[in-house]
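Visitor: Single-letter residue listing:
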Amino acid sequence: MLPGVGARLRRLLLVVVLVGGACGVANGAAYDDFARGISANLQGDPALAVSSFSAALAAGDLNPTLLPAAYRGRAIAYLRQGQCKNALADLDDFLRLKPGDLQGLELRGRAHACTGDMRGAEADLSQAIAVQSSESLRFARGVVRWGLRDFAGSAADFADIIAAQPHNANVVLWLELVRTRGGILDAKIGERDLHGIDSDDWPAPLIKMFLGAAKPEDVAAAALHGDANVVSGRQCEANFYIAEWWLAQKDTASAKPLLEAAIKDCPKNFIEAEAARSELGTLK
Amino acid sequence: MRTCFAATIAFAAFCGLAGQCALADDKPCQLVRVASVDMSTDAAGTPDVPFTIDGHTLTMLIDTGGVDSMLSSATVAALALPSVRIESSGLRMFGGAPLDHKTYAHNIDFGGLKASQMQFIIMPYRLPEGVSGTLSNDVLRVYDDEFDFANAKFNLFLQDHCESNLAYWTKDDHAEIPFKLDYVGHIEFKVELDGQTIPAAFDTGSSRSTLELERAQDLFGLKDDDPALKKVASTNHGDVYKYPFKQLKFGGVSVSNPDLELYPRRAMAMPGQPQLILGMGIIRQLHLYIAYKEKKLYVTAASTH
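Chains as they are written, first to last, in this note's numbering: chain X, 1 to 284; chain R, 1001 to 1305.
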């Protein structure tokens, strides 16, 4: 029984349980748990999603058509909880049932990256891109290749996205970051990319920093402009990207405290939180 | 154009299932199922079905909240389908984005229903991951539609029948909800939210249920500084809120603490201008039969047998 459905449907469900038991048909409870898991994921409650999908899968009589969605749903919830190995196991089950599924490969790529297995992540994302490329897959692989220190490969992925989406400032930011880290930055091309986003608003100051047109202290100051919600997100981003700039200058000592601050203060759903954790892991 | 397309599909159905059609002629009262396909759920919680274009099996979202069936621009590109500009279509997505290109696909197969050609609007934005397009009212309204979520089946029936009780899957209690079709073909009926009656649209293409913010403010006297009004997201047209409504009722179905997101009117802009969209958060808890000719929904809990 799903929470929220009132007396009339509760009465109908009671009848269902009795009839179902007599007939030996009992997939109702499993479906109700499954439906609760879907809703919990959409409402941002991963703990309830995990328990609901687990109950649906344990019941053993969830309709086979819904099994892949149950594994995928639980994997998404595990990823949100940072339970990377559990997510990976569920995505293995999902891909066993739906081999080659693009979303499954993308999610398993994320799960591999979450466990620190960047090679596994790159393999899954590359397999998905080979079937059907998309901006989200290219972006995910670009970040994974950054994690692998394959800055040229990473830049190629981000540049592909920019070719189709020149206004996408976040991708331009990552592109200039990996070019700077890889020592392959061409200031003229970077200026053209910056011109493409056609804005001086955030995150333009970060991009200018990588292009040598702004100093880290200018960026830190720019991050403080705006209302409280905006500022906390920008400070998180400033900490991570300035740390990356210091790493490009071979100054690990200046980068470390900024990465630690990003890990501590970044909202969990910000890509910079996981990226800072990954980067700090490589410095230890 | 939509009428021609619908006729094409209907004609294809009759041609493709001649035996069943003959049965329908002999026994006009019998409920005749013309297609039954597996129905899964994508990560956004919306229902998906398999659909074949020229030998390529795609995953399509069943969207009762749409107008015409659509294919994503990525799918159109992947299948090398033509893109044809529509002059003055007037069609818009949820949120108001214009839909101004269409395409034609060939050799269609949907659960055994076949058509030589089908028109799709090209959707400019991304669908849930893995979804290639939507099947909407141009197809759905040609038949009666059954959503059997617990058994993961989407069934289509001929509308030519005389059963008075179309909740054929149960002999137990069920609800019958009269509806009307708005000018773009959306299923619309009255719901009662915390004692206030509101016209609602039934939308399987919507993950969550949504209510127009301005209407909620008018009906319930909600002020911007009401501490119970919580901002949950932002759109280009304003902020999205949640409010702890207590009960949503329609046709004998009662939902406590309904999960409703309050969107600004401009952000909800879509054909038909529904004030409340009943989305999958609620719909997936039900087993539904949509009888278009009778203009009634037959409803039980999803798990009812």
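Think of the hints as simulated: they come from the structure by calculation, not from any bench. Watch out, some of these pointers could steer you wrong.
What the hints assert, rightly or not - With a cut-off of at most 20 Å between alpha-carbon atoms, the simulated EDC-like pairs for lysine to aspartate or glutamate come out as follows:
1. R:K1242 with X:D186
2. R:K1230 with X:D45
3. R:K1231 with X:D251
4. X:K98 with R:E1129
Visitor: So if I understand the rule, the pair passes when the alpha-carbon distance is 20 Å or less; does K98 of chain X with E1129 of chain R pass?
Guide: holds (14 Å)
Visitor: K1242 of chain R and D186 of chain X: Cα distance at most 20 Å?
Guide: violated (47 Å)
Visitor: Given the hinted pair K1230 of chain R and D45 of chain X, is their alpha-carbon gap at most 20 Å?
Guide: holds (17 Å)
Visitor: Given the hint that K1231 of chain R pairs with D251 of chain X, does the C-alpha gap stay at or below 20 Å?
Guide: Not OK: K1231 of chain R and D251 of chain X at ~41 Å, beyond 20 Å, violated.
Against the hints set out earlier in the document, violations occur for numbers 1, 3.
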